[in-house]
Amino acid sequence: MSADLFQITVDGVAVVVPRGVSVAAALMNAGLPLRESVRGEPRAALCGMGICHECRLTIDGRAHRRACMHAVAPGMVVSRDG
Amino acid sequence: MTRGSPTAIVIGAGIVGAACAAALAEKGVRVTVIEKNFAGSGTTAAGMGHLVAMDDSPAQLALTARSLELWRELAPVLGRDAELETTGTLWIAEDELQLAALREKRETYAQAGVAAEVLDARQLREAEPNLRDGLPGALWVAGDAVLYPPLAAVALLDNARRLRARMIHGEVTAIEAHTVWCGRERFTADFVVRATGADAGQLAPLLPLVPRKGHLAITDRHPGFCRHQIVETGYLTSAHVMTSESVAFNVQPRRTGQVLIGSSRELVGHDARINREILSRMLARAVEFMPPLASLSVIRTWTGFRPATADKLPLIGWWPEIPGLLIAAGHEGLGITTSTATAEIIAALVTGDSPRIDPAPFAPSRRMAA
Amino acid sequence: MADASRFDVVVVGAGPAGLTAAFSAARRTSSVAIVDQAEHVGGQIWRRDVSEGYPRNKRWLVDAVGERATFIGGATVVDATTTGGRHELLLEKAGRSFRVQTGTLILATGARELFLPFHGWTLPGVVGVGGLQALMKSGLDVRGKRIVISGTGPLLVAVAATAVKRGADVTAVVEQASWGSMMGFGLQLAARPLTALEALTHLQQLGAGVLKIGWWVTEAVGTNSVERVVVSDGESRVSVDCDILCTGFGLVPNTELARRLGCAVGPRGVEVDGRQRTTIPGIFAAGEATGIAGVDSAMKEGTMAGIIATTDSSGHAVSHRPRSSSWERILERTFTLRPEVVALARPDTIVCRCEDVRLGDIDPAWSARQAKLYARAGMGACQGRVCGAALQRIFGWSTDSVRPPLQPTTVSSLLGAS
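If you're matching them up, the sequences are chains A, B and C in order.
Counting along the first sequence from 1, when you hit position 37 you're at 37 in this note's numbering, and nothing is skipped either side.
Counting along the second sequence from 1, when you hit position 84 you're at 84 in this note's numbering, and nothing is skipped either side.
Counting along the third sequence from 1, when you hit position 327 you're at 327 in this note's numbering, and nothing is skipped either side.
Please keep in mind that the hints were generated in silico from the structure rather than gathered at the bench.
One should not assume that every hint holds.
Unchecked claim - Computed from the model, here is a short list of chain C residues facing chain A with C-beta under 10 Å:
id: 1; residue: Gln37
id: 2; residue: Val50
id: 3; residue: Gly74
id: 4; residue: Thr82
id: 5; residue: Thr83
id: 6; residue: Gly95
id: 7; residue: Trp121
id: 8; residue: Gly144
id: 9; residue: Ser181
id: 10; residue: Met183
id: 11; residue: Glu219
id: 12; residue: Val221
id: 13; residue: Ser225
id: 14; residue: Arg353
id: 15; residue: Asp356
id: 16; residue: Cys382
For each residue, glycine too, the CB sits at the ideal point set by N, CA and C.
Hey, can you work out the whole structure from these sequences and the hints?
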């Protein structure tokens with residue numbers, strides 16, 4: 001794998017991502033929803049700029065972080081809040 | 001004056017007004033509720049919605065214990081939106097002295113028919129793993145509950161409306177014998193019940209109430225963080241001492257999985273702005289008891305005003321100077337809890353029945369230390 | 001990190017207005033900080049692209065500000081207070097909080113998109129127009145993706161062009177403004193050659209028949225993500241397959257911080273006078289937060305704020321800017337929302353996404369506060385930013401007061417608040 005690609009885990013599954021992309025973009029590129037709504041619907045990013053909070057998930061053990069505001073990092077552990 | 005059913009006007013559609021309307025309607029009284037904003041919009045909307053047995057005085061314990069019984073009876077008709085959950089309360093002891101006091105409290109509660117059990121340190125950890133180490137124990141009051149006050153008030157009003165009560169949007173500007181005025185509009189009734197909460201208005205008769213401001217913070221969804229309403233024993237001191245500002249640890253799990261964090265008390269008139277220093281102290285106190293609280297995400301903070309009397313007991317009963325006028329106000333931090341027993345007393349006084357608990361300690365005409 | 005840092009000038013927001021403000025302030029003082037919740041400066045329109053970096057002709061400004069000012073990035077403003085000319089921000093960065101103090105604050109908090117709910121808008125794959133731009137620059141791969149861009153405003157065509165350049169198949173750009181409004185807009189552009197050139201360049205990227213004027217999306221359809229949309233002009237309906245739907249109905253100024261500080265805020269945005277002064281002494285505002293007027297205005301205002309802030313920071317606005325810029329009014333007039341797009345939501349359409357509140361859960365007779373307390377609309381993590389603006393237009397509500405935290409933050413961050 002080149003230095004510009006590395007692995008993160010999303011709900012325990014390894015996903016290869018390019019350096020610098022946001023967690024939101026990485027998950028959307030992989031066709032994965034970012035969270036489940038209150039009524040159980042799949043959701044992904046809407047505003048892309050930290051306003052709508054639709055992209056909230058748990059990053060490295062800290063909950064409710066906006067995926068569009070964080071770039072992926074090698075070994076990052078992402079889990080999607082229920 | 002009366003023909004057919006007795007009539008009553010209830011001023012204020014907060015939890016106390018709503019409970020009074022429902023209790024009166026149950027007894028066949030034709031009720032008109034007059035609300036200047038919307039049901040549950042005042043102090044009712046700001047509170048924690050904790051239904052709790054409290055023993056600051058024998059009268060308070062009697063009122064809260066009876067109220068809890070009535071809430072249990074009401075549970076089936078409140079509906080899902082009122083979010084009633086029997087979470088129980090855990091009164092936390094920080095040291096052996098407090099634990100001894102909690103053992104006494106258990107006896108006091110038992111005599112009033114409120115079941116409670118003392119937990120040791122191990123049992124407490126099992127009950128609430130997120131509490132810090134070193135707490136010697138707690139008093140577990142299993143019958144306490146939590147609910148969502150605005151929609152509980154709406155549910156009570158809906159009950160009243162099913163029994164022919166009606167609600168009017170308007171602001172009462174004057175009260176006279178068997179009469180209220182909303183500006184130029186006049187409403188008459190056999191009885192007028194004033195349940196105006198912490199209202200800052202100048203509606204006569206002025207009641208001997210002061211607003212005790214409180215802060216609250218609510219988190220994002222963190223399901224399973226805590227299971228009971230958890231209160232420090234020092235809360236009782238905070239509520240008891242009228243003069244100074246204080247904070248006391250008090251957290252509540254909500255059905256959504258959010259955690260509601262309180263509590264604070266101060267006397268600053270009706271200034272509703274967030275006081276950052278008090279908010280910090282309140283949150284710091286909470287983190288002292290539950291360190292993992294520090295990493296929870298807070299999404300909102302707000303303030304509310306508890307209408308307080310000098311002797312810490314509400315005003316429930318006749319107002320001697322104005323015929324037909326009853327007061328149901330001044331419940332401090334127990335308005336949600338004691339709305340039901342308050343309503344029971346009011347309804348009994350109106351229909352001439354004898355109330356279940358002695359209303360004398362709550363008489364609005366009583367003398368209180370200034 | 002130090003408990004509280006002091007700077008002569010603090011700029012909040014590192015978009016065009018914030019960068020120009022910081023740049024011009026830094027000419028007169030070396031003690032300038034510029035704060036942004038993003039990890040890099042640029043705001044929205046100059047957002048740093050993951051592969052291409054900054055827009056070429058803005059690199060000099062980004063570099064200059066980087067050299068002359070202290071950039072505090074990845075920092076969310078959680079609370080702010082002002083007492084007797086001293087302003088303090090409580091910031092959260094990477095889970096820790098700290099305070100920044102200054103006597104001169106410049107608010108360049110920009111704007112966010114106006115979203116109007118319609119059936120299916122909550123499906124994954126439905127993003128904002130500015131949202132798509134932000135996501136593309138953050139690495140969203142749009143190669144070969146079929147994209148429909150809808151709503152209103154000059155952003156539609158601009159973002160469409162960017163998407164095409166990145167390999168997307170933009171099948172439709174659906175602008176709800178009428179032909180009449182757009183013709184009028186075209187005439188205005190004739191008097192602004194540079195803007196006209198930009199617009200024509202964007203249009204050139206799109207194929208023939210892509211731009212549909214006087215049409216709007218009525219619903220998005222799909223199972224787990226958007227698969228097609230239905231567009232209408234009020235009479236006909238056409239189904240268009242797509243992988244991504246962009247929806248955006250113009251911009252709404254971000255005024256929460258200004259309101260928290262007690263600055264007067266009007267219907268257009270933060271109220272400022274001709275020298276970018278707000279109604280609070282020592283607090284300035286510039287750019288879209290003061291009214292949606294485009295990037296050129298933002299740069300002029302930012303520059304002005306930076307100059308005034310460092311030459312004469314006494315005094316405050318006694319009367320706000322008597323009239324908006326002509327460009328602001330042209331934008332407003334051209335891209336007025338037609339009633340049909342305000343009324344697209346059906347009773348079962350979610351209007352508050354954080355709490356899954358449907359339109360039918362809200363009684364039109366309620367106030368905003370009542371809807372919040374009774375139906376939870378606005379009680380979620382976005383603190384009413386998304387649903388608030390939409391429900392304002394649907395029901396005519398006014399906004400609530402602003403309390404801390406200005407963005408969700410940890411309990412421990414709020415602890416640093418005394």
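> Which numbered conditions among the earlier hints are violated in the structure presented, ordered from lowest to highest?
Replying inline: Of the numbered hints, 4, 5, 8, 9, 10, 11, 12 do not hold.
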